[in-house]
Amino acid sequence: MSKVKAAILGSGNIGTDLMYKILKNDGAMELALVAGIDPESEGLARAREAGIEASHEGIDAILADPEIRIVFDATSAKAHIQNAEKLEAAGKMAIDLTPASVGPYLVPPVNLDDHLEAKNVNMVSCAGQATAPLVYAVSRVVPVHYAEMIATVASRAIGPGTRQNVDEFTRTTANALMKVGGAKTARAIPVFNPAEPPITMTNTVYTVIQEKDFDFDEIKKSIREMVEDVSEYVPGYRLKGEPMLDERDTPWGRLPVVVIMNEVEGEGDFFPKYAGNLDIMTASARKVGELYASHFLQKEEVRQ
Amino acid sequence: MKAPRITDTTLRDGAHAISYSFTEEQVREIVGGLDRAGVPVIEVSHGAGLNGSTIQQGFSKTPEFDLIRAAVETAEHSKIASLFVPGIGTSEELRKAVEIGIRVIRVAVHCTEADVTEQYIRLAKELGIEAVGFLMMSHTQPAEVLAEQAKLMESYGADCVYVVDSAGALVPEGVRERVSALKEALSIEVGFHAHNNLGLAIGNSIAALEAGADQIDGTVRALGAGAGNAPTEVLVAALNKMDLNTGIDLSKMMDLSEEVIVPIMPGPIVIDRDNLSSGYAGVYNSFLLHVRHAAEKYQINPTEIMEELGKRQAIAGQEDWILDVALELAEKKKALV
Chain A
1 MSKVKAAILG SGNIGTDLMY KILKNDGAME LALVAGIDPE SEGLARAREA
51 GIEASHEGID AILADPEIRI VFDATSAKAH IQNAEKLEAA GKMAIDLTPA
101 SVGPYLVPPV NLDDHLEAKN VNMVSCAGQA TAPLVYAVSR VVPVHYAEMI
151 ATVASRAIGP GTRQNVDEFT RTTANALMKV GGAKTARAIP VFNPAEPPIT
201 MTNTVYTVIQ EKDFDFDEIK KSIREMVEDV SEYVPGYRLK GEPMLDERDT
251 PWGRLPVVVI MNEVEGEGDF FPKYAGNLDI MTASARKVGE LYASHFLQKE
301 EVRQ
Chain B
1 MKAPRITDTT LRDGAHAISY SFTEEQVREI VGGLDRAGVP VIEVSHGAGL
51 NGSTIQQGFS KTPEFDLIRA AVETAEHSKI ASLFVPGIGT SEELRKAVEI
101 GIRVIRVAVH CTEADVTEQY IRLAKELGIE AVGFLMMSHT QPAEVLAEQA
151 KLMESYGADC VYVVDSAGAL VPEGVRERVS ALKEALSIEV GFHAHNNLGL
201 AIGNSIAALE AGADQIDGTV RALGAGAGNA PTEVLVAALN KMDLNTGIDL
251 SKMMDLSEEV IVPIMPGPIV IDRDNLSSGY AGVYNSFLLH VRHAAEKYQI
301 NPTEIMEELG KRQAIAGQED WILDVALELA EKKKALV
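Same order as they appear, the protein sequences are chains A and B. The first sequence begins at 1 in full-length UniProt numbering and counts up one residue at a time. The second sequence begins at 1 in full-length UniProt numbering and counts up one residue at a time.
No wet-lab data here; the hints were simulated from the structure. It is possible that some hints are incorrect.
[Stated by the list, open to error] With a cut-off of at most 27 Å between alpha-carbon atoms, the simulated DSSO-like pairs for lysine-lysine come out as follows: (1) K221(A) x K334(B); (2) K184(A) x K96(B); (3) K333(B) x K240(A); (4) K212(A) x K184(A); (5) K240(A) x K96(B).
[What the hints assert, rightly or not] Far from chain A by the CB rule (all over 12 Å, computed), these chain B residues: (6) A48; (7) G52; (8) P86; (9) L94; (10) E118; (11) M137; (12) E144; (13) E154; (14) V171; (15) P172; (16) E177; (17) S180; (18) K297; (19) K311; (20) A316; (21) L336.
Using N, Cα and C, we set each Cβ at its ideal position, and we do this for glycine too.
Model the full structure from these sequences, guided by the hints.
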């Protein structure tokens, strides 16, 4: 069976980890090129070492190959805004790992089917990938009036881009809890913990429910199923303890709150295992690429 | 030694102790009292800083911008300040607070994460207000690390950087080392914020002054998170005895403490078992009420929760770990029965 050619744009840490994930999972994609802009970059050297073509010509190298159909952009929000136009003009599908949000947010087990024909999709943020599925798992059973999530990540696993713009991170993640997770309102709060040895990413999700009648067992079942769906492509994604039903004083009165605690351990492909926050970005992006590649191949089969 | 500038943070740190229930009326009364007594800076916001009203921290009973507005309207001489924790607050809340009339923002981060403050310190300076860097949980890092972090804040434009003993875990020697290191490294002012878990809030504040601190925090009647802070009125009295004139009227402070603050307090703030174990384990003071709640719910000794949080190196903003720890301890206990 023929495969769909894909390329990674950006040879930094995210691009490199993503490369290893694509190489280790045999599927409908073939990684044809890793393109960066620094000829000395470790990521390009690693690509060559793995037998993958590497170029320091950046986006131009990708545009020069008409066979490349899927492009993972692991550069920066600013760069992606320019890349997005060029990729679209060239008829290439963009999977955006930057915070640019040119295309719709995509969280694989929740809304992939809504965007099957999209030309550009955005991978939200690490905390968004980790917690929007949990909020959705509740909201598909009973409406969520307010969702709040606390993402605790190791300081060492937070890059300078996020550090210089915490506003963007909190806004993007809260938006994803509403748009993808289905919460009516939402807050997202990151905590960067410098503990040594570094801590594994942990997330706590609170969902406030206004309805009087709902079946908590049904919610728990929905959460378990969702965790299973995510762990299929992020093996270190799991619940910490059972989801709990609590009652809290809120601005909307004393209301039931479902508390979900979750942990994300990385696979250790390029990032250390504690950096589950980075791992879930690359693992989700790979999953999305794989699903689009299969979709492209299916469409072609139908046509033939 | 020169007299420090005193910032009273009863209406911010004290909010933790009364579960974020300050009313507009109380704010007017307390700000009025502090202003008349001559306290130069009064901090008002949710205990966790602007926008801190959340499930994680506890919701404010009155919207904090209403409280800040009441404070700004009441103060005649004092500057109104707010606390700001990046990630809890965003630029939007900072802008709004400045619009209402705060004149000082204290940007607080865990003491290794100063680079996260750049966006907000720069914004505060653009908006024309004073910016103070607040290095929380300072006991966890040696003096050199704190000095490096403080220098980052200075480079973003901070007017002052505080050594913050959030856990009340420092002893005078540790305070001196840290404040001295900052004084040496920086050309801006240095401040100190104490908690009283080891009974050292006043002593540590004096040690900070001896090491050159320019600004000191207090709360009336020690009304602050956990074991409380250096009581502002006691600080003023001690400084008077040292011939350091803060310009604050001691008798007006004592009246405010007795007549206005005590009636608001659920009880006196003392160094009980929970507060001592918290300080001894180096745990963030605002965890106290959350720990007590979890301990009661899962029938565990609060000391055990404090010790485990200390071991896990929990930092500010991690109230969710309390539940996680309590559940794990409860499971362990069940397994033993």
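Okay, the hints, checked on the actual structure:
no.: 1; hint: K221(A) x K334(B); in the structure: holds (25 Å)
no.: 2; hint: K184(A) x K96(B); in the structure: holds (24 Å)
no.: 3; hint: K333(B) x K240(A); in the structure: holds (18 Å)
no.: 4; hint: K212(A) x K184(A); in the structure: holds (17 Å)
no.: 5; hint: K240(A) x K96(B); in the structure: violated (38 Å)
no.: 6; hint: A48; in the structure: violated (9 Å)
no.: 7; hint: G52; in the structure: violated (10 Å)
no.: 8; hint: P86; in the structure: violated (5 Å)
no.: 9; hint: L94; in the structure: violated (10 Å)
no.: 10; hint: E118; in the structure: violated (6 Å)
no.: 11; hint: M137; in the structure: violated (10 Å)
no.: 12; hint: E144; in the structure: holds (15 Å)
no.: 13; hint: E154; in the structure: holds (17 Å)
no.: 14; hint: V171; in the structure: holds (23 Å)
no.: 15; hint: P172; in the structure: holds (25 Å)
no.: 16; hint: E177; in the structure: holds (20 Å)
no.: 17; hint: S180; in the structure: holds (23 Å)
no.: 18; hint: K297; in the structure: violated (9 Å)
no.: 19; hint: K311; in the structure: violated (10 Å)
no.: 20; hint: A316; in the structure: violated (8 Å)
no.: 21; hint: L336; in the structure: holds (18 Å)
Going down the numbered hints, you'll see the structure goes against 5, 6, 7, 8, 9, 10, 11, 18, 19, 20, while the others check out.
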